[in-house]
Amino acid sequence: DTGVSQNPRHKITKRGQNVTFRCDPISEHNRLYWYRQTLGQGPEFLTYFQNEAQLEKSRLLSDRFSAERPKGSFSTLEIQRTEQGDSAMYLCASSPNTGQVPWTNEKLFFGSGTQLSVL
Amino acid sequence: RKEVEQDPGPFNVPEGATVAFNCTYSNSASQSFFWYRQDCRKEPKLLMSVYSSGNEDGRFTAQLNRASQYISLLIRDSKLSDSATYLCVVNGGYEYNNNDMRFGAGTRLTVKP
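In order, the protein sequence lines correspond to chains A and B. At the far end of the first sequence sits residue 119, using my numbering, and the numbering has no gaps. At the far end of the second sequence sits residue 1113, using my numbering, and the numbering has no gaps.
A portion of the hints provided could be inaccurate.
To be verified - In silico BS3-like pairs for lysine-lysine, Cα to Cα no more than 25 angstroms straight-line:
no.	chain 1	residue 1	chain 2	residue 2
1	B	Lys1045	A	Lys107
2	B	Lys1079	B	Lys1112
3	A	Lys71	A	Lys57
4	B	Lys1002	A	Lys107
5	A	Lys107	B	Lys1042
By construction, these hints were calculated from the structure, which means they are not laboratory data. All of these numbers come straight from a predicted model, not from anything done at the bench.
Whole structure, please, built from the sequences with the hints as guidance.
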């Protein structure tokens, strides 16, 4: 399967614990995005990378959230000191976008997500 | 004001009906526009891009009005399999470092026999 892969599929944790999610994008894709989605809402932008560079981080994101893409391939999203409000589906997407105008390759390919439940 | 706004619906239509969804966006510098489809408990998948001149893909037609910062999706001859949530997506704008992708909350469609 050469699609976007996310692990784990489900994570149940207790409030205050740290959690880390992994995303493996489609191999030739330069851009990698993290989104968070709660029931009845659209995906909420968290952050994105162009290769290994983190280009933008949502200003709504607290300092408890951090993401890395150390070699421009897979990415990790870590949430420290989890809160019940962090419970959501965390979606990763990749795109072949090279940052060149026009943005004709901005199509996002999503993984199946990691469902986080904070008790 | 939200960056991307959609009518949440739900839209409940009979098979064969024509249905239209609207979306407005706040960033006048946005350059790229898309409609995604999301089935229940599944990830979003690209339905179609939206071009300035409008574009059609089978039963689906997308329109863009830059002056009004408005996007639409028209579905003709609705099928049961069209039941899903339709997400409007807009990019951040011109700047290389501001090219994130913002989603609307989605419009839910149910097509009934």
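Outcome of the hint check:
no.	hint	verdict
1	B:Lys1045 <-> A:Lys107	holds, 9 angstroms
2	B:Lys1079 <-> B:Lys1112	holds, 8 angstroms
3	A:Lys71 <-> A:Lys57	holds, 19 angstroms
4	B:Lys1002 <-> A:Lys107	holds, 22 angstroms
5	A:Lys107 <-> B:Lys1042	holds, 17 angstroms
Of the numbered hints given earlier, the model fails none.
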